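Please arrange chain U on chain H, whose structure you already have, making use of the hints.
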Amino acid sequence: MSRSLKKGPYVDEKLYRKVERQNEDGERSPIKTWARQCLIVPEFVGHTFKVHNGRVFLDVFVTEDMVGHKLGEFSNSRTFRGHTNKKEGIKTGK
Amino acid sequence: MPRIAGIDVPDRKKIYYALQYVHGVGPKFAKDILDEAGIDPDRRANELTESDISRINGIIDNGFLVEGALRRQVQQNIGRLREIRCYRGDRHRSGLPVRGQRTKCNARTRKGRKKTVAGKKGIKG
Numbered sequence: 002m003s004r005s006l007k008k009g010p011y012v013d014e015k016l017y018r019k020v021e022r023q024n025e026d027g028e029r030s031p032i033k034t035w036a037r038q039c040l041i042v043p044e045f046v047g048h049t050f051k052v053h054n055g056r057v058f059l060d061v062f063v064t065e066d067m068v069g070h071k072l073g074e075f076s077n078s079r080t081f082r083g084h085t086n087k088k089e090g091i092k093t094g095k
Numbered sequence: 470m471p472r473i474a475g476i477d478v479p480d481r482k483k484i485y486y487a488l489q490y491v492h493g494v495g496p497k498f499a500k501d502i503l504d505e506a507g508i509d510p511d512r513r514a515n516e517l518t519e520s521d522i523s524r525i526n527g528i529i530d531n532g533f534l535v536e537g538a539l540r541r542q543v544q545q546n547i548g549r550l551r552e553i554r555c556y557r558g559d560r561h562r563s564g565l566p567v568r569g570q571r572t573k574c575n576a577r578t579r580k581g582r583k584k585t586v587a588g589k590k591g592i593k594g
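Those protein sequence lines, which keep their order, are chains H and U.
Counting from 2, one number per residue, gives the positions in the first sequence under our numbering.
Counting from 470, one number per residue, gives the positions in the second sequence under our numbering.
Pulled out of the complex, with its shape left as it was, chain H reads as follows (with noise of 0.2 Å):
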């Protein structure tokens, strides 16, 4: 279900307050962060983060398209290696 509009987007505020200090001083780190369920907000544009998937942090380098996705939509948390193969009856794949 979609978030009630009366409450407008959620974007985490202390990432957003670091964003907004990197822009006013023009400075591009990547910034680590757990807030996975953060709206990406138009600001965010050409920003690189660390997006927390549960063990490690993935790069996600945030673009024009990727407005108004979520943080954790590009920091997949799944690790899917393949069916069993029956006659070995190992895990296949990578």
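In case anyone wonders, no lab produced these hints; they're calculated from the structure.
Treat the numbers as computed from the prediction; the structure is a model and nothing was measured.
Where a beta carbon is used, it is the ideal one built from N, C-alpha and C, also for glycine.
Careful, some of the hints might be misleading.
Said to hold, decoys possible - Looking from chain U toward chain H, a few residues come up when the C-beta cut is under 8 Å (computed): (1) ARG549; (2) GLU552; (3) ILE553; (4) ARG554; (5) CYS555; (6) TYR556; (7) ASP559.
Relative to chain H, chain U alone:
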């Protein structure tokens, strides 16, 4: 046979239903179009005059995305999701359901015909 929005040729049905043979026109848009054109929805498609049909075509051309243009738009939206490497794009790429449905069973529309795996039920692990 009336030609509406390019290739489509529905006939003998009420125009309200005939219009819905156009990709991108359902009950709602069919009604909207006929209201705007001032045509009785119960009239048969083959009873319409040339001017009725050209009026319908004019309305569709201005303001309704149908057929090829609509399909292209949909493909573009999917292409965008794929390109930005988001979760939904990944699901499109791997041909699995995109909206969080279960995949343990069912999901055959996305996954295609069942692929039988020998011995899947007997031996575990």
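Here's how the hints hold up against the structure:
1. ARG549: holds, 6 Å
2. GLU552: holds, 7 Å
3. ILE553: holds, 5 Å
4. ARG554: This hint holds: U/ARG554 lies near chain H, its Cβ roughly 6 Å from the closest one there, short of 8 Å.
5. CYS555: holds, 4 Å
6. TYR556: holds, 5 Å
7. ASP559: This hint holds: U/ASP559 lies near chain H, its Cβ roughly 7 Å from the closest one there, short of 8 Å.
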